[in-house]
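Peer 1: Sequences listed follow chains A and B, in order. First residue of the first sequence? That's 1 in full-length UniProt numbering, and the numbers climb one at a time after it. First residue of the second sequence? That's 1 in full-length UniProt numbering, and the numbers climb one at a time after it.
None of these hints come from the bench; they were simulated from the model.
As the list makes no split between identical chains, a pair holds if one copy fits it or if it spans any two.
Here are the simulated lysine to any residue pairs, SDA-like style, with alpha carbons at most 20 Å apart: (1) K422 to Q94; (2) K422 to A36; (3) K68 to S186; (4) K157 to F90; (5) K422 to E132; (6) K331 to L25; (7) K309 to A346; (8) K68 to I193; (9) K68 to E194; (10) K227 to S186.
There are 2 protein chains.
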Amino acid sequence: MAHRIVVLGGGFGGMYAARALKRKLRDTAEVEVINAENYFVFQPLLPEVGAGSITPGHAVSPLRFLLKGVSVRKALIDSVDFERKVVIVFQGIQRRPTEVPFDHLVIALGQGVDLSRMPGLEEHALKMKSLEDARRVREHVIEQLEHAQVTRLPDTKRGALTFTVVGGGFSGVETVGEMKELIDRSLRYYPEIEPSEVRVLLVEYAGRILNEMPDRLAHYATRHLAKHGIELKLNTGVASATHRQLVTTEGEVIDTRTIVATIGNAPLPVVQRMGLASKHGRVAVRRSLQVEGRDNVWALGDCALIPLKDGAAERADFAPPTAQFAVREAKRIAQNIAATLDGKPAKPFSYRSRGALASLGAKRGVAEVFGVQLTGFPAWILWRSYYLALLPGIATRVKVLINWLLDGLGARSVVQIRAHSKPPLRYVYFRAGDRIYDAGDRSDGFYTVISGAVEMERTDPETGEKTARRIGPGGHFGERLILGATRRKTTVRAAEDTKVLVMNRDEFLMLAESFSAFRDYFRPYMEKRGVKIPLDDGPEAG
Amino acid sequence: MAHRIVVLGGGFGGMYAARALKRKLRDTAEVEVINAENYFVFQPLLPEVGAGSITPGHAVSPLRFLLKGVSVRKALIDSVDFERKVVIVFQGIQRRPTEVPFDHLVIALGQGVDLSRMPGLEEHALKMKSLEDARRVREHVIEQLEHAQVTRLPDTKRGALTFTVVGGGFSGVETVGEMKELIDRSLRYYPEIEPSEVRVLLVEYAGRILNEMPDRLAHYATRHLAKHGIELKLNTGVASATHRQLVTTEGEVIDTRTIVATIGNAPLPVVQRMGLASKHGRVAVRRSLQVEGRDNVWALGDCALIPLKDGAAERADFAPPTAQFAVREAKRIAQNIAATLDGKPAKPFSYRSRGALASLGAKRGVAEVFGVQLTGFPAWILWRSYYLALLPGIATRVKVLINWLLDGLGARSVVQIRAHSKPPLRYVYFRAGDRIYDAGDRSDGFYTVISGAVEMERTDPETGEKTARRIGPGGHFGERLILGATRRKTTVRAAEDTKVLVMNRDEFLMLAESFSAFRDYFRPYMEKRGVKIPLDDGPEAG
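Taking the hints into account, I'd like the entire structure generated from these sequences.
Peer 2: So this is what it looks like as structure tokens:
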């Protein structure tokens, strides 16, 4: 019977491992890839998607198309039972678990993002990890331009036109460069925005950017970004964030509506749940890429800590989390699994980086290849060619190339296909003194204070008399929204650093319809304020 | 001082009106378009987007690019103060209202969709009105194929492979035809799906499809759809829908995970709020396109009821809601506003349809042009050429043409870029006897019964003894999710037709953290069931 090899994850590591396994083992093995999406995403192109120089569809390729002869299962991985040798998954809308048996298991799930160490960052920052993240960054940037074009409020305009990227690694540098280019090329459609009003910042905790690259190239990149009007804040971390400010570890408060966080790599919960040996938040593997203590479980790519020599201890002794390495690791795993099935010994993984490339936007880049350092346009061309060559499938290559050429010619489209709507229940952070809303503003939610306190001020429409009220944890405000009021009657400021829960009207009414306790609690509260909860005759607790 | 003309809406009516006004009046008037999106969407191409034969970005064009010399304001329209002659809008994240003054106002906001007459349809049907709707239909269809490919449950597979389109007008016929083509061309990537397992239906309340077209063409279309394996259910309406079934007015229950509703046109709330004279849910205008009772307010397109002759009474006496008419109405409005500004009389709108076109998928169409009827491939080519010519901007035309040609050659990409995630609080409908969940299923929410009743059955893991419990309105089930349980321990069926509120775990915990009443209510309830609410030490009501 054919051996069953299951690969978890369809990124660089997983996709190339499945391909190499199928080529090597042919009909002697069944190879199956399990992935949450039905496509392979070309991670290094995400900053380009974020800047609209290529469309989301062109940064991805269907796994079923790339992996001929390999089964592809689009499913969420729940857990692995290593004793029974099954992966437990959930497929589509189906809530019944499905068990997928394996003889050998390859774990290539990558890393997640955890921004929770910095208050407010998780809630208010955009990420650059998935295709959807990248798409959202582009739409968000266009939204800010649209808003800055029409607003008459100088503070609002300044916040809308300040764009912050956090993290000076490859992803952060490429994102900030591409973002600046998108803005520069779009301004012609926004006559009310002066180029001098746009502020783009890169915030990096270390003393330099592009840590993985030689000093000379990092310096070139630094100069290039500065020359293109990007402010660099080195030796600077994020202390906290709200939906309109970023506070640095230096205590500086930056008014910004756009924070893109490229930091905070963390293990994925699904990998943690597997309970495998781990180190520095990554799965500990041997040099053969076998997981410590298990001979039929393998790991590679960003989720694994892969020693490049015996007794590895320093950071440089382990494989870096790059596509270049993942592709090589995939080949080694395929060879080692084939050897193991033949009863032969697995060989240790070894590879030396051939170099590093980064695009800086505006047709410039930096590159180090086989020890040779390149900068500027040649480095950028090399960057594009390299990734074009690495793209899977000729059709995708041609499409991306055509798109790149078209992008070089005309203006970039400023179509904002879909704004990101706010979740109906959400936590929002305010700093002491922040305006929460003013009388006359649109009602955008019903607020409950979780921590901190707010100061509410109301002017009597008849006497002109002002009354103020402080609302602390557990207190509510903004309840007139529930009546269907579209405008605020009061002005609310954060008296302290404050965390609130904001709820939309529809959800409030759903809860009032569904929960008698919720209604009973709010009825006297609302009646005191002259607000009758609609649907008050909902079901009673049965 | 230049006259200020404000156009509400950037669809066919609004965009062409703004264009014609600017061309006609040049610097003697300021023309401004206010639209919720920053792009013009080419409505007739939505079924093609829904089938992936063109990408969403190519069915739209930036308004700023189409409307040179016209101001474009991306904003939500709140209301119009006709006395003070201002439009009140909300811009971007800004919650302070902005007033936009006008001398003349053109209303071109189109129509909305209201499916609430049929229980469950609003909650469980996909629409075909916006670009986002169309994109979602495509992703949903691919999701069903992915699921059918891997499931081992025959019922689930049948539901996933049954696709229903409601409404036999242009939009419904084109959607069902394009959808069938998408499925047929994708099946080669899904070896586990037999073509005979796929069922595609078109449900139409009237006795025929394409009501606006001559009988002969409607018959051709009917035969074409049948030949391509599309089931037609005429004289059939929708009685109700759940997330896995559609019940027809004939009492037939169709297991289907996909319902696309192209019916239910209804006035938009923002237009209703204006309080203008209306008839059949549309703004009543005079033959000059001036709104009844107001000389400086004009309306056109789908939102207006436009008489084509004096004393109009029959349906045929009014302009049909098509792009062809909207474009002509736009020209008439521009001429009439120019005349009014010159102190000259406005002229009545009159236009006779030049014909009608519909695509049927699989490179076939029907067309009636200047009285000549065409069917099949020539009609389809005519359809494409006509819309290509109507597309605004050469760049867009070239892009769409290239895409169409590319689509004709290779396979269609089955990349499913983004699944639609369920809202965190949602109403779900079940029919009596429906399975809600089984023991061992994934926990997908905390349930509260709004109306109807469910039957819960639990098997004691030690004794094997079965206990049953009926839960009526106001009762809850599925609370173990709150503990973080990922699997169900009980089996739940709908005992009657039942409506429930389903809430995700994160939102439950947010509410428990924020509302002491919510916690106090649930604490004893949960403790009885051995569930301790995490974060139980949240803030107390202040």
